[in-house]
Amino acid sequence: MTSAKDTILGRIRQALVDVPETEAGPEAWRFRQRSTEDHSALLDRFTERARGYKVRVERATRAEAPARAARILAEAGLVRLALPADFPVDLAPEGFDLLRDDGLDNATIAACDGVLTTCACAIAETGTLVLDHGVGQGRRKLTLLPDYHLCFVEASAILGLVPEAVERMQPSVAAGRPLTFISGPSATSDIELNRVEGVHGPRTLVVVILDEAFPNETETH
Amino acid sequence: MSVDSPGIIVERAFPAAARDALRDSQLRRNIGKATNTIRAKRKAVVAEMPDWQDLRDAGYAIKRDTLRHLDRHLLALEASVTAAGGTVHWARDGEEANRMVGDILAGHQAKEVLKIKSLTTDEIGLNGALSARGIEPIETDLAEVIVQKGHDRSSHILVPAIHRNRAEIREIFKRELPDTEHLTDEPRDLADAARRYLRQKFLTVPYAISGANFAVAETGSVAIFESEGNGRMCLTLPRVLISIMGIEKVIPRWADMSAFLQLLPRSSTAERMNPYNSVWSGTRAGEGPEEFHLVLLDNGRSDVLADEPARDTLNCIRCSACLNICPVYERTGGRAYGSTYPGPIGAILTPQMNAPPSPADSLPFASSLCGACYEVCPVKIDIPRILVHLRGKVVAARGAKTALDGEALVMAAMARVFENPRLYALAHKAAAIGQVPFIRDGAIKSLPGPLAGWTAMRDLTPIAKQSFREWWKARDR
Ligand code: SF4
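Chains as they are written, first to last, in the numbering used here: chain A, 6 to 226; chain B, 1095 to 1571.
For the record, the hints were derived by calculation from the structure and aren't laboratory data.
A few of these clues could be false.
[Said to hold, decoys possible] Calculated cross-link-like contacts (lysine to aspartate or glutamate; reagent style EDC-like; alpha-carbon spacing at most 20 Å):
| hint | chain 1 | residue 1 | chain 2 | residue 2 |
| --- | --- | --- | --- | --- |
| 1 | A | LYS10 | B | ASP1197 |
| 2 | A | LYS59 | B | ASP1286 |
| 3 | B | LYS1295 | A | GLU197 |
| 4 | B | LYS1127 | A | ASP152 |
| 5 | A | LYS10 | B | ASP1187 |
| 6 | B | LYS1295 | B | GLU1206 |
| 7 | B | LYS1474 | A | GLU32 |
| 8 | B | LYS1137 | B | ASP1148 |
| 9 | B | LYS1295 | A | ASP110 |
| 10 | B | LYS1135 | B | ASP1145 |
| 11 | B | LYS1135 | A | GLU32 |
| 12 | A | LYS10 | B | ASP1148 |
| 13 | A | LYS10 | B | GLU1190 |
| 14 | A | LYS10 | B | ASP1165 |
| 15 | B | LYS1135 | A | ASP110 |
| 16 | B | LYS1243 | A | ASP110 |
| 17 | B | LYS1135 | A | GLU53 |
| 18 | B | LYS1268 | A | GLU197 |
Quantities reported herein were computed from a predicted structural model and do not represent experimental measurements.
Construct all of the structure, not just a fragment, from the sequences and the given hints.
Spelled out as structure tokens, the structure:
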């Protein structure tokens, strides 16, 4: 008996008899591969686009970042926070019940008020964070189960366009790492097209950009 | 149509179903609001892209090239997914796919399975097949919960519950979900009720089923685009994950995602980017499911591939932009198409997946050929051209019995002309000069020359099918 695989491949080959053996692939793409904006414009664009998704975005130097994060988290009344096992020590805010993920079970993660992570890169044009779940970013479910996600983003990791991020992530994908692209909090428009935040994922997303070039940037919302 | 039958078996011809849909004024209002809102948003996020046409060209080129060497890319995908720790299955049709999925779940003694909204599983009637084996599928998209708990069918690819208003949703939830005695009809409240119900399921059911937006042959990576996070839940919490994809969903390289990550969100939810995109390859220790199955489904797709003039149908990335722009869809809603795939894409895809003669034969006539669907399509499927090609096929299939039928003659002639750009240009020119009617008989006497240009084509459409014409005339009543 022929296997399903052989049958399907046979049908496909039969269907494609009109296609020449040696056929040139598609022409080179003409869409934009690199942003032409300077980096400070990119940071502004990322900030504007992320805020468009109701993300709170702030900038701080690395030294100042934990205190800034602590203030934001305290304002929101959070107490217990999950962290990836390899979350950078110097970014951890003080005054919270911090739970390092050394294999926490789902219920424990879900019971945390929030989660802190870093990310692999970000996309200015779409206001997107990209996690490849490497150092500082945790397992995929860590940034999913708690209702609040605060993400530190290196200013230098903010790229202009989608193709730049796709290229940056090529080695991660090739290494078999999963990726999560996050553009604002979880949302639905399924009920009469009214947007409701946080159906399943975190209802609140906060980004702190780590930027040495803006040491005096005032807190904005 | 019964809820559990496969979603591409069309039981009623479009005109009859459309007449019913038109009588439902609530449905018309909801669909009208949905399509208008998304249409305006889409226009704005597309307009801000200076290279949108270049992106569409790339999307088209990637899809076309992939389909023309589909066997190679599928074999590469199988190899890369297997190398990443996944298991690949091939399914000739829906029944085979349903059986495979059922067997995998039965092997684990599964009683329940989580599901991410997937048109492909709807197409093959997976839910019904699983229920019949005592495995309860639990839909996890808010809209799918509304549809499933309302014992109903989806009316829109993207917003399946758009035919339900908040009061109706409240009634369904109060009846079907726990802890809903004090539920109001505020969208926030309704969403919270679904969140509570589903959170419990996510944390306790160790099996999940998804579709796939894309699968990368080079790396074995599967991608799911979503908004709510139920997808991420299903992709990361369960122990066993089964993804079912049509064979046309493969793309060759990871770099190709740079086109689709831009084309799909803007065309679909009309956002710069949808909230969550997940990409994963096989299995990974300490992260995500321990067992991953990828089912490659043919179910008629290789037949579509074989019909060269209609091959581009398989480019479709299921964005729903063509639904939202379509004047026929806007008035009838999705359910009139009787299929998982409504609107312009459904009008070309469904009849190709239902062997003629079938009520689905009426679907290629459910269009005014205005061309708007082609303009918005992110992968440049020339839907009007394929519609005309399929009309010609329907007419030809009717055979000698109706050889003298004026309608059949016109359609066959039209199909020939539309399929040949040179002939079309010639005919267009001739008609423009003289308005020469090239066929006259009872069926079309009230019309000008059928080739008097694109605008005339719109008026011409109704002659294709008398009942569709009646519907068209009645549409404003
Ligand atoms: S045919 Fe084109 S516009 Fe319609 S759903 Fe498919 S990709 Fe989108």
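- [ ] Could you tell me which of the hints above the structure violates, numbers in ascending order?
- [x] 3, 4, 11, 12, 15, 16
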